[in-house]
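*Asks:* Sequence:
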Amino acid sequence: MKDIDAPLPPDLLARRLTEVYDLVGPLYRRAQRSVEQGLTADGLSVGVRAVLALLHRGGPMTVPRMARAQAISRQFVQRMVNEAAAQDLVESAPNPSHRRSSLIRLTDRGRETVTAVLDREHRILREVGGDLTDADVATCLRVLGAMLTALDHVDEG
1 MKDIDAPLPP DLLARRLTEV YDLVGPLYRR AQRSVEQGLT ADGLSVGVRA
51 VLALLHRGGP MTVPRMARAQ AISRQFVQRM VNEAAAQDLV ESAPNPSHRR
101 SSLIRLTDRG RETVTAVLDR EHRILREVGG DLTDADVATC LRVLGAMLTA
151 LDHVDEG
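Just so you know, the working numbering puts 126 at position 126 of the sequence shown, and the rest follows in order with no gaps.
Since the hints were derived computationally from the structure, they do not count as laboratory data. There could be a bad hint or two in this list.
Quick list of simulated restraints, FRET-style, between CB atoms [as the list claims (entries may be wrong)]:
| # | residue 1 | residue 2 | range |
| --- | --- | --- | --- |
| 1 | Asn-82 | Tyr-21 | 26 to 36 Å |
| 2 | Arg-30 | His-98 | 31 to 41 Å |
| 3 | His-98 | Leu-17 | 36 to 46 Å |
| 4 | Ala-69 | Pro-9 | 25 to 35 Å |
| 5 | Ala-86 | Tyr-21 | 28 to 38 Å |
| 6 | Ser-97 | Ala-71 | 17 to 27 Å |
| 7 | Ala-86 | Asp-131 | 39 to 49 Å |
| 8 | Gly-58 | Asp-11 | 30 to 40 Å |
| 9 | Pro-7 | Gln-37 | 36 to 46 Å |
| 10 | Tyr-21 | Asp-119 | 44 to 54 Å |
| 11 | Ala-6 | Thr-107 | 48 to 58 Å |
| 12 | Lys-2 | Asp-108 | 51 to 61 Å |
| 13 | Ala-41 | Arg-126 | 41 to 51 Å |
| 14 | Asp-3 | Asp-108 | 51 to 61 Å |
Cβ atoms here follow ideal geometry from the backbone N, Cα and C, with glycine treated the same way.
Please construct the entire structure, taking both the sequences and the accompanying hints into account.
*Replies:* So this is what it looks like as structure tokens:
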């Protein structure tokens, strides 16, 4: 009888994790298209939405910190911050820890916008179903987190 709770040997683990990667790519692309479709009415790009959601979740932060958190280039994050600032969704604030690297924070309009976007996405995600348990989701997060950590050495561009 197979013990499904026993750690997998490295070769079998690698094959199983390949199955996860094979699902994550299409899942990410479909989710991104779904988000894009929902953002069209708000006039937001996926990149601006990501910045707003990150600030909503983590509070004010610098562009370099946002880039590290999203594993993307500072230049791209800066363009998204500039786009969000042009729409009065974010603003710069002095950073007591670093004179030259301002903190970026949500404006009232940005907070209202990201709350509406996240509420809409939450309504969509309520339809996932599948009798998933909290343990299922916790395991998924643990596995994906371990996979992400294993790729920490990869250049973030």
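*Asks:* With reference to the structure, classify each hint as holding or not holding.
*Replies:* Evaluated hints:
At about 33 Å, the beta-carbon gap between Asn-82 and Tyr-21 stays in the expected band of 26 to 36 Å. The supplied range of 31 to 41 Å is met by Arg-30 and His-98, whose beta-carbon atoms lie about 38 Å from each other. In this structure the hint that His-98 and Leu-17 lie 36 to 46 Å apart at CB holds, the actual value being about 38 Å. For the hinted restraint 25 to 35 Å between Ala-69 and Pro-9, the CB-CB distance of approximately 33 Å keeps it satisfied.
In this structure the hint that Ala-86 and Tyr-21 lie 28 to 38 Å apart at CB holds, the actual value being about 36 Å. Distance hint for Ser-97 and Ala-71: a CB-CB separation of about 22 Å, consistent with the stated range 17 to 27 Å. Hint check: Ala-86 to Asp-131, Cβ distance near 44 Å, so the stated range 39 to 49 Å holds. Between Gly-58 and Asp-11 the beta carbons are some 38 Å apart, a value that agrees with the proposed interval 30 to 40 Å.
Restraint check, Pro-7 to Gln-37: a C-beta distance of roughly 41 Å satisfies the suggested window 36 to 46 Å. Range check, Tyr-21 to Asp-119: Cβ separation about 31 Å, and the 44 to 54 Å hint is violated. Between Ala-6 and Thr-107, the C-beta spacing of about 51 Å keeps the proposed range 48 to 58 Å intact. Distance hint check: the CB atoms of Lys-2 and Asp-108 are about 55 Å apart, consistent with the given range 51 to 61 Å.
At roughly 20 Å, the beta-carbon separation of Ala-41 and Arg-126 lies outside the given 41 to 51 Å, and the hint is violated. For Asp-3 and Asp-108, the Cβ-Cβ distance of about 54 Å falls inside the hinted range of 51 to 61 Å, so the restraint holds.
Checked against the numbered hints given earlier, this structure breaks hints 10, 13; the rest are met.
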